[in-house]
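Asker: If you read the sequences in order, they're chains A, B, C and D. Under our numbering, think of the first position of the first sequence as 601, with each following residue one higher. Under our numbering, think of the first position of the second sequence as 601, with each following residue one higher. Under our numbering, think of the first position of the third sequence as 56, with each following residue one higher. Under our numbering, think of the first position of the fourth sequence as 56, with each following residue one higher.
Worth flagging that the hints you see were computed from the coordinates, not collected in a lab. Keep in mind the model is a prediction, meaning the values are calculated, not measured. Where a beta carbon is used, it is the ideal one built from N, C-alpha and C, also for glycine. There may be inaccurate statements among the hints.
[Unchecked claim] Ranges between beta-carbon positions, derived for each pair:
#1 B/703 x D/154: 27 to 35 Å
#2 D/261 x A/660: 27 to 35 Å
#3 D/66 x B/817: 43 to 51 Å
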Amino acid sequence: MTAPQGLTRELIALRVARELRPGMVVNLGIGMPTLVPSHLPPDHGLLFQSENGILGLGAVREGGDGYGEIDPDLLNAGGQPVRLALGASFFDSATSFAMIRGGHVHTAVLGGLQVAANGDLANWTVRQDGGGSIGGAMDLASGAQRVIVAMEHTTRDGGSRLLERCTYPLTAQACVDLVVTNLAVIAVEAGGFVLREVAPGVTAAQVQAATDAPLALAPDLREMAL
Amino acid sequence: MTAPQGLTRELIALRVARELRPGMVVNLGIGMPTLVPSHLPPDHGLLFQSENGILGLGAVREGGDGYGEIDPDLLNAGGQPVRLALGASFFDSATSFAMIRGGHVHTAVLGGLQVAANGDLANWTVRQDGGGSIGGAMDLASGAQRVIVAMEHTTRDGGSRLLERCTYPLTAQACVDLVVTNLAVIAVEAGGFVLREVAPGVTAAQVQAATDAPLALAPDLREMAL
Amino acid sequence: MTATIYDTPDDALDGITDGVRVMFGGFSGAGAPTNLIRALRRRGTRGITGIANNIGYGDFLVELCEDGQLAGMICTFATRASVALRSRFDEQLARGEVTLELTPQGTFAERIRAGGGGLGGVLTRSGLGTPVAEGKTTIEVDGETYLLERPLRADVAMIRAQRADRLGNLEYRGAARNFNPVMATAADLVIVEVDEIVEVGAIDPERVGTPAVFVDRIMQCPRIPVPFR
Amino acid sequence: MTATIYDTPDDALDGITDGVRVMFGGFSGAGAPTNLIRALRRRGTRGITGIANNIGYGDFLVELCEDGQLAGMICTFATRASVALRSRFDEQLARGEVTLELTPQGTFAERIRAGGGGLGGVLTRSGLGTPVAEGKTTIEVDGETYLLERPLRADVAMIRAQRADRLGNLEYRGAARNFNPVMATAADLVIVEVDEIVEVGAIDPERVGTPAVFVDRIMQCPRIPVPFR
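If we strip away everything but chain A, and leave its shape as in the complex, we get:
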């Protein structure tokens, strides 16, 4: 059985954006999470933290956007030139990660390769030669108060990215609170995965079929409102 297509990457980002409330401090990982800001209202009231030392990150700047020179000292963690929000501040990396590890970042939105039913996250690869890139993901995954993973539900060859146990090397243990995929919104609770919402036109049975771990059905299971 082939899994249904479900949401586009942009719609996954939109659904993640709905999880964010004014007053929250949010760190967005590289990849799909960077699409989230374009789905927020202008008065979102969030403070974005960038682990390279900015609280109050603004929008990513495109070159030659008519707003003056790009500032080489004002980059986000992905190396892109950015703007600052009003009330922003700068700090060094030791302070930035004290902020992250100490639970002062409310929500981290991370990409994922695999999420396990106990909340384990795998979102980096270790190559045979030892190569890899961790960046700030391990600190964010284990330090943020709430971890939302935004990812495709299945791999290109149809294997589930939601499993009983991760088969890839972990980023952090038992850290994930919510998974938003192209098919569903799934909470990770003490007992395992709980299916909260299905994408429009997708059934709970289809989500279960695309998931290699049991899904409990939330009492208020519903279709996503997008």
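With chain A held as given, fit chains B, C and D onto it using these hints.
Answerer: Leaving out everything else, chains B, C and D in the frame of chain A:
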């Protein structure tokens, strides 16, 4: 036998001042060490560190010295209002003690109650009820590259403050490099105390008599030049 | 995340109950939240465990001893050698009415930083072989022995800064930083008294000493002069 | 203590020998000592162990791989998933010509801070249960398990700041702080490239990001533009 009087407190401070060279970063403890700056030339080229978060501490200010209001945000570690030297900087306590513990303060001049032949220092008291004051002394004693202790050679009742082993609770183990007292300048080396200089009019035998541990005589043992 | 602005130090203590564990910023007089300490005195909160650099003769914190509000202290500097400079805290300590945990100043700063930054402790040489090390674990790393010191956290941190913007960003001045920036990270509720509250954007992002994420309550209040020593 | 001023990045590397262990500041492009890296390339120093946040496609550090000057790296971000973005470092790693120790970014910052601040290590939850924890000690504190991560130090730190005064005080700007302030504390020799060297007193004491005590050599040099990603 009564020990000779030897140097005044001011002359002890003067002798300590001779140990300081342009370019050194120096922290002065409370008590006798605070007398050191008045014995330095105006172009001393030192940077004074104050553990409450100042590098480039200037002179202590007396109230109503005609140089404007005293600044309540500009105190030394003893709580006295101070001036700033040119090129000063401020930092928080975590940074200040990273500087101290990491060996970035060259010389700490501390007061002492007892110094042992192995370099152990006791310069605080613990009361029966648990009361006491440590302040920055333990970090300074174990963190500075060079620790100079400025103290009276003997207690009021004639007991030696230089001993085989300290009988008071320690401030830090094996930390003292040099002791300057009213009677002598004594280095602490691997083998124990080495008498380097005697105060004017004081003999090596008198210093030994006032010291409860063996003194080796430095090959170039001499009278202090004050 | 956005800080709440309170009109008076007394209002700013809303909800604080007996048995609270409070960090107080400041080093001798500089950067001490004197208005908040006085408000805590007026409030009559009891069973307070204080975490502060110093408590002793001339310190505002001693006022909390007047009616026995203080249960104990974790600090670096608690008593003076001179009997003439004994404080009410000294007297209560001698009578066993308050507890005292003494910690070296650098260890104190680092324990608070660990508490605020999600670290499990501090490995330091400071205090090795002294009474401070008694009953504590030592750990060997690369042939060196270190003392394991545990993180410090509190229910409430009361700190002082020069300016706050309405979001809660803090700007410090001079030696009034000291323990305030680390304490702002290590308590469940962070209450700040400042000389001035300004609009968001008025503090240069380069000069923010404590980012707004750490601050819960701000209150503008003229500083109470602290006597110099 | 007073910093020595050098005229060129090449002069500023005087005395650096093969087998050196070097920290390089910067996070992606911001705050990277690009002039000093190019000078190290020209110098031909070999057997370098680099300690830096990132080495990969587009990073100046990869230039040290051109003639095999780099022996290995300790970093947080070394390879990209996309084959199109493979770097010379990637290739040499695959061939076993260079070594790599990967560490989480927060752990990386804190290990350097520990190395510079006389602490015996870092107790963190980051990396527990992952390949990063393999072969490392875990320590339990108050019922929580932490990974013991060892301090990092280097022979030389090469960093970048916006301005230095002639004493060596550094002022940073924006996100170009990152690892520069901690690295300045953790090496035997600290070499800094800046946009501008100013007279002592020209940097506000409130804006000094790295106090002069940490800085050995300064050199004024226009920044080399770093391509954005």
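Asker: Which of the listed hints are broken here?
Answerer: Nothing - there is no hint that the structure violates, so all of them hold.
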